[in-house]
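A.B. asks: Protein chains in written order, with my numbering: chain A, 246 to 740; chain B, 855 to 1149; chain C, 4 to 629.
Read the hints as simulated data drawn from the structure, not as lab findings.
Careful, some of the hints might be misleading.
What the hints assert, rightly or not - List of simulated lysine-lysine pairs, DSSO-like, C-alpha gap at most 27 Å:
1) C/K151 <-> A/K538
2) C/K590 <-> A/K679
3) C/K103 <-> C/K188
4) C/K590 <-> C/K575
5) C/K103 <-> B/K1004
6) C/K152 <-> A/K679
7) B/K908 <-> B/K880
8) B/K1012 <-> C/K268
9) C/K555 <-> C/K575
10) C/K510 <-> A/K609
Stated by the list, open to error - Covered stretches of chain C, as calculated for chain A (at least 3 residues, CB under 8 Å):
11) 44-58
12) 62-72
13) 411-422
14) 471-478
15) 488-496
C-beta: ideal position from N, C-alpha, C; glycine also.
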Amino acid sequence: MVNIANPILLIAIPLLFAFLIAVLAPWLKKGVKYIPVIAFGLNLLVVFELIPDVLDNGIVIATTAGIKPPFAINVAVDRLSLFLVLIATLLGFLVSIYNLVYIKEEPAEKFHILFTLLVTGITWMIVTGDLFNMFVAFEVTSISAFGLVGFHRDKDAAEAGFKYLVMGSIGASLLLIGVVMLYAATGTLNMADIAEKIMRFTFKQKLLPYAFIFTGLGIEGALFPLNAWLPDAHPAAPSSVSSILSGIMTTAAIYGIIRVTVTIFNYYQVILFLILFGLLTLMFGETAAFFQKDIKRMLAYSTIGQTGLFFYAFSLGSINGMQGAFLQMMNHSLAKATLFLVVGGIIFSVGSRNIDDFAGIGRKMKLSAFLFAIAAFSLMGLPPFFGFWSKLKIIFATLERVNVYTIAFVVIVLFMSLIEAAYFFRVMQVMFFKEAKEEKEVREAPAWMLIPAITLVVIILVLSFYPTPVINFAHKAAADLVGRSVYINSVLGGL
Amino acid sequence: MVRTILIAIGIPLLAYGFGVSFMMFKRKIAARIQRRYGPTFIQPLIDTFKLLSKQENISHGIMYDLGPILALAASMTVIFFIPIPGMKLMTGSADLIALLYIMVIGSLVMALGAGESANPNSTIGIARALTLMLGYDLPFVIVVITLVMKYHTTDLYKIMQMQTGGHWAMWLLPLSAIVGFIVTYGALGEHPFDVAVAPHEIATGPMAEYGGKHLGLLMINHAFHIYIELALFVDLFMGGASNLFYFYAKMFVIFVIYVFFDEVLPRFRVDDAVRFYWRWPTILALLGLIIVLVR
Amino acid sequence: MDMSLGVLLATPFVGGILAYLGGKIHRWVRYTFAILFSLLAFIEIFFFYNTTVGNYVWGRLFGSVLVLQINPISWIFAFIVTGISFLVILFSINDVEGHKGLDFYYLELLFVEGAMLGITLAGDLITFFMFWELMSWTSYFLIIQGGKKSITAGYKYIIMSVIGAYSMFVAIAMVFGRAHSLVFKNVSMLLSQSSPAFVIWFFVLFGIGLFVKAAVMPLHTWLPDAHSEAPSPVSPLLSGVLIKMGAYGLTVLFYGFLSVQLIGKLAPTILPTPLLLYIVEWLAAISIVLATFLAILQEDAKRLLAYSSISQIGYVVLGIAMGSSLGIAGGLFHALNHAIFKSLLFFVIGGVIYRTGTRNMSELGGLIKKMPVSFIGALFGIVALSGVPPLNGFVSKWMIYEALLQKKEVFLLIMAFVGSTGAFLYLYRFIHSVFLGQLPEKYKDVKEVPFLMQLPIWILSALTIVFGIWPGLAMNVIAQGEKFLGITPIKYTLYGFPQGTAMSSLKVINISSVLIIAFIVVLALYLMLPKERFVSQYDTYAAGQVVTPETKYNYSYGFYMFFGRVINPIFKWSADKMYEAWARATKVFGDYMRRVYTGNLETYSSYIVVLITIVAFVLLIGGKLW
């Protein structure tokens, strides 16, 4: 009996299938589009198999070539990674279903290869226990993302893709420099091992590699001021890709930062420095989103804002703050992915990305509009939806200590939430209560495009009314992360 | 029991008697000021009787009919709550604050009745009357509060009792008394505060459409109205009275002063009247209030 | 008993969902479910009459339990919520028939009811806040169904609500940071042990949230737009019930979380009332006067009533903030009364809009002959609102005045009185312009509203009399509630108040019986006199002119223009304009902020370089970030 609860499979399966697409494409012109669905379906199975193990032991480690860490390349799934890998796989699976109908433009098979690689890269980045592997995964993700952003082959997409390419490459090289510096200093690439060895270093010695890695990942993770590629790239990409980019890719990069900051550098006390990034990202993202007329651009800026929000919550440095951050990550991933998928469907039918052209959608595309509303409510944090609980947690975590700073933070966070509510309500007003200027034949999106969104909304609703398990799980994940020893000892203890 | 019933019948009759006598005197005094002889002394009674017995009555609707009826009924209600020497029946059930609200029932239902007559003159008159009411209410409320602060009760009867033996509020609170006088003046709707009626502009305002028995009832109501305003002033500022004669005498003195003012002053425009009330009487009343509060 | 609180709370939500699904089958299935479940909630309320159910735990979150409870104070408000909601649903059936999206409408209606019920039943702050937010956005979707203008109004409403809710949120989070439990009892315990500064922060932040909902000036600016632009049946719900949630919250804040003694300790007690409450009282008094003046100058009937709501809720807040037994009782009673008569008036004007299609008062008139039932409803409503005996508004206003006199807060009393007199002006204007005066030709064939729309009018009219003549019925619950809050309960009789409660005694039944006897006497006199004959409305005195059906012989537009001349100087500036200026400034600032994203790759790359430089610089100065 093969034990499929092996995290390495999470990378191996989709990689295999990605090459399979390339190989099979000439023969199976129409059939290749089902391959990603199968790949991520299998991945989802693996993740489900992993869940009980992780819940019991706190961490699952797999190594290659039968050599024990730190000498082998290892893959480690602790609670936090599981949390994210679950979302990533789920989104990968659902969006590949969406792609079945959505992707009509040629070359479709190339799209499917890149898409599979994109999600694989994200998964890889999350589960890897090796710093260099993280860089490789980062590159896989970025390069497939460059290609996907430029997929539409018009002027906008080309420009956006180019911008993204330049900035992403800068990020990758900075990340590489950081990794190399660490390798030079410690002689190892295993995260747990580095963490063990770096304890002897002074603050100053640690800072430079950290700065490079942080900046490198921060570019992908959409932190201000490194996020300027995002508002161009996310709207330019096909909606299904946007939903992955916005839903999980930035989150994965932030996961990288969290992992590096807490597990490797043990830096999470350096909080105020990071809070500044979080708040600035939040502020610039939300204010910019407020002024957008293009719905996808608005959602992209909103992604920046949300990233800022959960990065801010993480950088509070307390277990409660991190718990809030993880909950918000989950909420954002599910809700934003839904929004992009639904908007993709609406754009598909209406033929415009301008918010003003959405008038009357609420009556003609009832289901889409409904899904949009639920996801938006959850994102805004209105009760009783899941976002409400995560926002509650973030604010509670901030005000654990009441002083001038925390009050100021809360004011900023809530003010930005207000702006977010303002622009989402504006969109909903247009959708539900504005009469269309001219009567256009607008039909509901095809069923295959709706099913993924419906599934996500159902998950959001379940979480909304039954949030306790996830909340508790997030708490444990945060506690494990801050505890560090679980991760380091398990990896080095060699099973 | 018999005594109670007798009082219950007596109070309205007495009030009407007082009120109508003031109407009689008014016409006579006014005539003399204008160097006329004036009508017969009982002319108001004759007028009322004539109007009530008219055979030709018109109506614009049910509310139009109910207006005068309810106005009169409300006035009759009010007089039961104003202490009269020797006749105490209902004064314990409603205090000064409640009385202020019972007093407006009449004007409001009358306004509704006049409203249904579909005549803009009536409506304008009512709009003016209500605005004027808002005007004089501010100083009047301050005066009432001053009295309550002074005597630590809102029971009208107790306020009256505490003034017996010459300790009239008029002497103790001269500023408030002056304001009270001006306000009562406005409530009576005499010159210069007769914008609501203003016969030359809006054809007697609320009454423009009324005639016959309706107007007759309104004339009776007017007698009650004069009585109520004067009696309230006497009770509040002149210590009421120990018997009916003194009561009447005090009211008469105040009334004569009113008539003098009425005959020589022109008419305020309504916004000017409001401005007037919100300026000098209010300042005086506030001064009076602050003096009481500080002491 | 415990479980039944959950059942009670679930009733409207279940009803909403069933009504929504039922509407897909047939419209009468929808109506049956909506009526049935809102009635059911109303009946269930009576099982909790005068009972106190401490804590029904319905969940756990972040280490705090989520609790439902009921006590006499929340019972009063739950009674208002369920009662008025039921009538609103009855009224809706005819009123919004034939509109689009009715299933959704009833769903929202019942969800708003459920959310408000949840607020009254909440036993901890998370539950409270959750339902508070739920109420905000569900009611937003009700408001914006009222046509084009309502969208702007609703936007303003939701933005201000969210600001208020977030302010409250901060207060709750502050408490959570210290107490780690948000059950009301623990909150009050924590606050009694905290430093004054903490308590003041909590008070102010929580209070702002409540003030926005209760529309206390200067946070009222959403109300006139939202209440007037909302669909006709929603306005009674908003004005009658939704703003009462603010009043309920204030009661809980002042006397549930804090207490008069505790608030008194926060500041020197030179004033008759603790300083914080005194400020609240002044805000309320200012609301009373300014909103009354604004109501006088309105041309739109619903807007007039909306401003009137601001002023009347001022009385409620004034009473509640007074801190004395009589004052609190008066405030709570006025909340109940206002729910009755303001809903009544909104139902009446809703019916008028239903039949005539306009709410512009200068276009209406003379409808008394066509819609007598509505007129009677309006009459009861305005008499009750103006605080004239023998209807219910009189008793509660009387209580508030007496309480102010007792505490010698004379300047507040003066303002309250002026507001009340001002109410006569706008109420007369309301009833005259709609029902009296000349009937326009185009409304010749207007009929009375259908029976289902009359029903709320009848019921509420009857209630104004019941609570007016037997205030003891309400005092019964209110006294229990005061006992629950730890305040000496007021003494009362069925017909009024005995000596010693207020400055003097009151017997409402005597006033009304004298009035009725006098009325009978005068009526008898009137009937004995020669009979009158009805004439048409064109048979009026017009200074020699002949009034014809084509002539507009009516005084309706700019009714109190002369009064406007007196008070206009006050209204040169307004809170609304100030907020708009703020919003504009924020927008300009935000516009500058977003210029960071120039769309230029060189700029973006330079950002990265700048960041690295900064990090390098930090390294240079010794790696110390702070």
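A.B. asks: All hints are to be evaluated individually against the structure, with a verdict given for each.
C.D. replies: Structure-based check of all given hints:
no., hint, in the structure
1, C/K151 <-> A/K538, "holds (21 Å)"
2, C/K590 <-> A/K679, "holds (24 Å)"
3, C/K103 <-> C/K188, "violated (46 Å)"
4, C/K590 <-> C/K575, "holds (24 Å)"
5, C/K103 <-> B/K1004, "violated (63 Å)"
6, C/K152 <-> A/K679, "holds (11 Å)"
7, B/K908 <-> B/K880, "holds (25 Å)"
8, B/K1012 <-> C/K268, "violated (37 Å)"
9, C/K555 <-> C/K575, "violated (33 Å)"
10, C/K510 <-> A/K609, "violated (61 Å)"
11, 44-58, "violated (count 0)"
12, 62-72, "holds (count 4)"
13, 411-422, "violated (count 0)"
14, 471-478, "violated (count 0)"
15, 488-496, "violated (count 0)"
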